[in-house]
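> Listed below, chain by chain, are the residues.
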Amino acid sequence: DAKTTQPPSMDCAEGRAANLPCNHSTISGNEYVYWYRQIHSQGPQYIIHGLKNNETNEMASLIITEDRKSSTLILPHATLRDTAVYYCIVRAVNNAGNMLTFGGGTRLMVKP
Amino acid sequence: DTGVSQDPRHKITKRGQNVTFRCDPISEHNRLYWYRQTLGQGPEFLTYFQNEAQLEKSRLLSDRFSAERPKGSFSTLEIQRTEQGDSAMYLCASMASIHQETQYFGPGTRLLVL
Chain A
1 DAKTTQPPSM DCAEGRAANL PCNHSTISGN EYVYWYRQIH SQGPQYIIHG LKNNETNEMA
61 SLIITEDRKS STLILPHATL RDTAVYYCIV RAVNNAGNML TFGGGTRLMV KP
Chain B
1 DTGVSQDPRH KITKRGQNVT FRCDPISEHN RLYWYRQTLG QGPEFLTYFQ NEAQLEKSRL
61 LSDRFSAERP KGSFSTLEIQ RTEQGDSAMY LCASMASIHQ ETQYFGPGTR LLVL
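If you read the protein sequences in the order shown, they are chains A and B. Heads up: the first sequence begins at 1 in the working numbering, then just goes up one per residue. Heads up: the second sequence begins at 1 in the working numbering, then just goes up one per residue.
Hint data in this document are derived by calculation from the structure and do not stem from the laboratory. Ideal Cβ positions, reconstructed from N, Cα and C, are used throughout, including at glycine. There's no promise every hint is true.
To be verified - Label pairs and their computed distance ranges (CB to CB):
| id | chain 1 | residue 1 | chain 2 | residue 2 | range |
| --- | --- | --- | --- | --- | --- |
| 1 | A | N57 | B | I26 | 17 to 25 Å |
| 2 | B | T38 | A | Q45 | 15 to 23 Å |
| 3 | B | L60 | A | L51 | 25 to 33 Å |
| 4 | B | D7 | A | N19 | 35 to 43 Å |
Claimed, not checked - Taking beta-carbon pairs under 7 Å as the criterion, some of the chain A residues facing chain B (in silico):
| id | residue |
| --- | --- |
| 5 | A13 |
| 6 | Q42 |
| 7 | P44 |
| 8 | Y87 |
| 9 | G97 |
| 10 | M99 |
| 11 | F102 |
| 12 | G103 |
| 13 | G105 |
Kindly generate the complete structure, drawing on both the sequences and the hints.
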């Protein structure tokens, strides 16, 4: 699976959009982009994933560039409860085991 | 609450003791994963089961570690002769099938080896 690069930390004001970038320049055509987050002392929580097209669900939007070498997770109206470590993960479609390879993630601090 | 439960949530033990953790996946999820997470790092894959069969083990899973899923439902992870380096959060995740793409994680078991 391709490696990902994320900024180690970011701040966001409460109520504003949080835009979390991820670089995956070595991604191949059969690899998904996944986002998970981990609130302090809890297990990781699935947020969203995509292959080529932009995706949106009740939690967030995922914007994938046309060349697929980078993506952005958007939390449209960040709240204090969105303070967490956000992990961008690339996983091959044909990864039979479906195991996830986590990097260091981005620590998002939402401030009042 | 994802529906994946782990027990105990916290465990303190002395070096050299054996410990066992339990994971109850979401009902009817046939894939079950174990990960380990040390302080400040992302989770690292240890092993996974498809029903009762253990299909892959990471090189991180030393001979002191053993995992079972005897009836394809709950799973246990045992660490024998614990070492201080085993101190970590042990996470369990489950997934519906190989065609389901989302893993649901439990709250983890935090182990401290003194």
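> Checking against the hints above, which ones are violated?
Of the numbered hints given earlier, the structure breaks just one, which is hint 5.
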